[in-house]
Amino acid sequence: MRPAWLPTFGRGAATPTVEAVPDETPLFDEALLARVRRLVLLSGRVRAEGLAGEHRSRRRGSSPEFADFKNYSQGDDFRRIDWNTYGRLDNLFVRLSEVTTELSVHMLLDASDSMDWGGADEAPTKFTYARRVVGALGYVALWHFDRLTIAPFGPDLDRMFGPAQGRANIVPMLRYLETLQTRPGTSLAESVERYVRARRRPGVAILVSDLLAGEPEDLRAALRTLRSRGWHAVVIQTLDEAEIAPDLAGRYLTGGATTMRPLVELIDLENGGRLRLTPDDDLLGRYARAVAGWLDELEAAARDEEALYIRLLTSRPFDDLALEALHRMGVVA
Amino acid sequence: MSVLVPLGLLALISLPAIVVLHMRNVTPQTRPIPSLRFWLAANPRTTEQTRFRRPPITLLLILQLLIAAALALALARPVTSRAMSALGLDLRSEPRHLILLIDGSTSMSATDTPDGRSRFEAARTEALRELSDLREGDVATVLLLGTRTVSYSATDGASLGALRERIASVAPPGGRADLDAALTLAHDLLLPGLDDQVSVITDGAVAADPGTADRLGAPVALHLVGSAATGATAPNVAVVDLSSRTDPQHPAQPQLYARLLNFGPTAVSAPVALDSDGLEVSRQPVTLPPNGGSAELTWALPQGAQRVSVKIDAPDALAADNEASLVAQGNAAGSLGLDILLVSDAPAALQRALSALPGAQVTSQPTDGFAAAIAGHTYDLIVFDRTAPPADAAPQPGAPLLFVDPPAGGPFATNGVMTNPTVSRLRAQDPLLQGVDLSGATFGSAPIYQLDRGQDEVVGADQGPLVFRDRVDNQPAIVLAFDLTQSNLPQRVAFPILIANAVAELAPNPLPPSLPLGDPLAYRPRAGAATVRITPPDGKPVDLPVAAPTSTGVEAGDSVIADQLRDVVFSDTGTPGTYTVQELDAAGHPRGGGSFTVNAGHPRESDLRPNPDLAATLARAKAGGDVGTRASLAELWPPLALLGLALLAVEWIVALTRRRPGASRRFAGRSTA
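Note that the protein sequences, when read in sequence, are chains A and B.
Residue 22 is where the first sequence starts when you use my numbering, and the numbers rise one by one after that.
Residue 119 is where the second sequence starts when you use my numbering, and the numbers rise one by one after that.
It should be emphasised that the hints constitute simulated quantities derived from the structure, not laboratory data.
Please note that the accuracy of each hint is not assured.
[Said to hold, decoys possible] Quick list of simulated restraints, FRET-style, between CB atoms:
1) A:E51 to B:A135: 57 to 67 Å
2) A:D301 to B:A135: 25 to 35 Å
3) B:T775 to A:P205: 28 to 38 Å
[Said to hold, decoys possible] Far from chain B by the CB rule (all over 10 Å, computed), these chain A residues:
4) D103
5) L319
6) E327
We put the CB at the ideal spot given by N, CA and C, even for glycine.
Please put together the full structure from these sequences, using the hints given.
Structure (structure tokens):
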């Protein structure tokens, strides 16, 4: 028997066409969309609700999807008695159907200026990469009739997309992602708390950010808020390889020259802070150690708060390695 | 290695200047990053804002130092030995001036090259190869050596192309090549400030004077073609001389003389044929010893022959010199017209005798009209009969004189009169008396002329001369010292012969019977000729103007010069064959003509063996003065300048790359300063 939550191949709404962003790689292409169309979001511990979704449920009811038989008992609907079985077995059985439910998917997208950065020409910016992640997961959700909300946040929550349901919202969702712009400043914990408080029912909260704003404790606080209210949290951290690899960081600062150690002035994209330094090997080494420690703390915070933590590097092809990582980590199946 | 402009080295001070510029602490380049937190956590050292810093060893600094060094050295114009050209650098300090001497002599017509072409064709190929090496700005001068050296020059790209086309189609001028004259001319053509180089393309069968080579002032490159280049020996026999002369044993019989030479390494036995007006009249075998061995042959000149030729029938490398021919003067068809002025009051006998001469035009004039007769007109011969030119009126310059019974008190001194003299002295072999029989001749009463030294008696009586030669006003003169009216000579057959002999001696046919190859024809045209038209064997006539004679206002000493001004010189005698000459008057009407032959055989040109001393002689030529010194050097500034420009391009690319960090495009418009 074919599970009801499996996506349908090659049927349904027309494939949306997404125009390319000038001077940048298109957010989505047909090959990527065709691939994510086969996926389905896993809800984890979050209870799916509603009647229009495609997610399997323990609830039994009347629906075309057969689930089981049970002996007829008083009060059962006569219309659901299986008369063919009665003819063969001479006992009354009632057909039980599986009730498919919908999933509430909440995509929290970091739209701060720190996301609009890339350390190399050949890789997309973190914001572009994050929008692809959000777009792909949103596509999966809408394709399977889940309820989708996309909430970009910077210093506060921005104009949101959704809640939306159904495949007809795929194209508007993708266009919405294309129009998003970054803003300076980030307040992760406050934005998450404000968002959760505004929702009565928990769902799957997928946080897509570089997590550079604030300390790991801020992330821990945000995740604790989600967990305490029954949300299933997924943290997808998008980073540029030049942020974590010391050699690439040095190459970016020196402009590619390997023999030079020029004086450079760093400008913080979030707060405009400036720092002059000469990137030598010692400094790059200390930088790498600081980044590694920070990443460890983030991972520990997510683990402590029972959140799924996935780190994606923009240098990796999204349609290959990123989707594989999401699949491996249980976000999609 | 040295430098031509040492001041250019001052540009090297740019090197420390560049280093100082790089030592400055300039405004740091800004780099936007997502967050400063990790850089702050890495605890970077505070960068001090000092004025200078330690010189950074960067790629840009190294490139800029190299650029400055290369350009500074280029400004100093370093030079090195031209030997570096052998390494393929092909460096030259000055534009070249290539003086190309191409041997176009008759020996270059020999076909002893490996591919069967003539030596001149091989020389042409070599010349075109030399010209193809020239570049824009180079100058080329080509001297084509032959009977008359012809020069071509090219000073720019267009004219160089035209010069190549001309050389590709030029015909060998033939004749004899005078390499010394060509080297002297090349010395005069040297251009200051240019890298003069002389190339001689020859078969080696030429001679050069070491002194001329020493004075040349430019190095000479010798390119040998023909057997000299291959080391082989080209056999060649030639008729090097053909002339007519009087037979020593029979003075009345003209004789034909031919000299044959064999320049080959082996003896040659071959028949020699004598042709008379196209008919073979004699054939005899002859054996010529090797290595310059000769044979001399004589024949009696066939009666009535107008053109005779001698040919040796032996195949060799140069066929043109195997035959020689000449035009028999006495028998040649046609003759140059004679303008004769007869000054006489009783001209009958002389008029008849002179008018009988072929081509003669006789103008008779009474004795009192002499001055008017020579005014405005020129004559080839003036005959004074019983008169003499007035003492105050010089006869026409350049015209020989025939006096008959000149009066006492004239140009010839007399001492009395002799009556009925008889011939007692006679110069039997004198051409004037050839065919003249004076036996029985009477002379009546005749003055006794006193002969001085320089006056030459031909016929004499006991008391004095009857016929003698003299010079009057530097003109040859023949004197018949008796009165024709008292002599019976005009009634005798000897008289017209004597007059004809006298005219032939005084106004001989100026055309030679034959000319050696390359020898110029120089002759004085008849007095009435205004133009001489010479038609070479190729059929293309050449008109040579004749200077008008002057009869007035000319001093005695200048008359010779005035005569020489009328001489016609025709030097294009490099092609063997028969040349016809026609004299035209001022109106263009022909006045007479003749011919002569040019024979290819020549003791020097027919010797195809290369001159073994030529290479050593030409090697004496060296570049002279500063030009030569500089020409022997090769400048290095062009490659240095190119190196500097190439490094500049690399530095530019590197600098552009530095200004384009990976994410700059994404931060366009952001305030990063």
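Hints versus structure:
{"no.": "1", "hint": "A:E51 to B:A135: 57 to 67 Å", "verdict": "holds (60 Å)"}
{"no.": "2", "hint": "A:D301 to B:A135: 25 to 35 Å", "verdict": "holds (28 Å)"}
{"no.": "3", "hint": "B:T775 to A:P205: 28 to 38 Å", "verdict": "holds (30 Å)"}
{"no.": "4", "hint": "D103", "verdict": "holds (63 Å)"}
{"no.": "5", "hint": "L319", "verdict": "holds (13 Å)"}
{"no.": "6", "hint": "E327", "verdict": "holds (27 Å)"}
When held up to the earlier numbered hints, the structure conflicts with none and fits them all.
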